[in-house]
Structure formats: C-alpha cells, structure tokens
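Line order of the protein sequences matches chains A and B.
The numbering of the first sequence is the UniProt record's numbering, which starts it at 1 and goes up by one.
The numbering of the second sequence is the UniProt record's numbering, which starts it at 1 and goes up by one.
None of these hints come from the bench; they were simulated from the model.
In this text the structure is predicted, and so the values were computed from the model without any measurement.
Take the hints with a grain of salt, since some may be wrong.
Intra- or inter-copy, both count: the list cannot distinguish identical chains.
Straight-line alpha carbon distances no greater than 25 Å define the calculated SDA-like cross-link-like pairs of lysine to any residue that follow [unchecked claim]:
no., residue 1, residue 2
1, Lys11, Arg28
2, Lys11, Gly30
3, Lys11, Thr48
4, Lys11, Gly40
5, Lys62, Ala25
Residue strings, one per chain:
Protein chains: 2
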Amino acid sequence: MPRVVVDVMLKPEILDPQGQAVANALPRLGVSDVSSVRIGRRIEIDFTGEPDLDRAREIADKLLANPVIEDYTVRLVTDDAVDAHP
Amino acid sequence: MPRVVVDVMLKPEILDPQGQAVANALPRLGVSDVSSVRIGRRIEIDFTGEPDLDRAREIADKLLANPVIEDYTVRLVTDDAVDAHP
C-alpha cells in the first residue's frame, strides 16, 4: 500500500541553527566540500484505505507545518522507495 | 545543482510518541481514515562541487542518525522536485 509522505522544511530565508551546527561540525570529520545543511521533518502517513493527498495536505496545514516559517510538500511514496535503506 | 537528501526515520519497531500524538489529534479534525503517523527528519545537504553520496552516507552515519534506533536513506534529488511546493 503506498503511503503519503509530507516533507516540512524551513523556508529558505529562515535561519536553520540545527543545520548550521551540523555544517560547522563537518570540517572536524574531514569533510570540506559541503556548502549547506538544512534539517526539516519527514512525516509518513498511512491510511486505512486509499491514500488521500488532499486529506494529507489538510493535516499538514493544520498540524504538521507552521506556514509562516515552513514550506511543505505532500507526495505519494511506494513501499519500495521507503524500504530502500543503504 | 542536485542536492543530497538524507531521510532519517525511527526503526519500525521503535515507538514514536510524536507521531502518535499527531495520530491521536486527527479525529478531533474529523479525520478517521489514518492508521499511522511516523515523524522523522529530512536533511538536505548541498555540496560545493558534485554531490557525493558516499560522503553523505558517512555524514549520516556519524552525525545525523542513531543507528541503534533509526534507519536512514540517502538519495539524490534535483531542484525541480525540491521546489514542488503545493
């Protein structure tokens, strides 16, 4: 059964201190070719029946994202893609 | 320039209280067809040159995920997909 994935990221113009902390730690790991790290949320929503993108969008609007500082995307993901761990 | 996206989710067998809180709030919004909500992190990494998946995997291992309780996936995303906000 495909699931709905909502990706919530801070708007590009909003400072992301958590991402900056990771970016600042990278030189200590010997990594010098990263220009930016941004950290957001990934929410996986399983429906009892058919996945409903409009419903997921409504949930994202009301519960998952703060539209003043965050952008979100809603999309359908098949199980194959979700389980593709390295 | 494509960017590398790391998705970090709690392993399926680990309880996700944050996701459960959202799932429990849904009936109050009139949503009754959601069976599960799981909340994880989405990390966008921009490289100064070519995106390097192996490097991103190393960063995820050492800085972004706790392999005891979390799974992660590393993938390349083009700008088009990232900007596809609803």
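Verification of the supplied hints:
| no. | hint | in the structure |
| --- | --- | --- |
| 1 | Lys11 / Arg28 | neither (28 Å within a copy, 28 Å between copies) |
| 2 | Lys11 / Gly30 | neither (29 Å within a copy, 29 Å between copies) |
| 3 | Lys11 / Thr48 | between (32 Å within a copy, 21 Å between copies) |
| 4 | Lys11 / Gly40 | both (10 Å within a copy, 18 Å between copies) |
| 5 | Lys62 / Ala25 | between (34 Å within a copy, 11 Å between copies) |
Hint violations for this structure: numbers 1, 2, all remaining hints satisfied.
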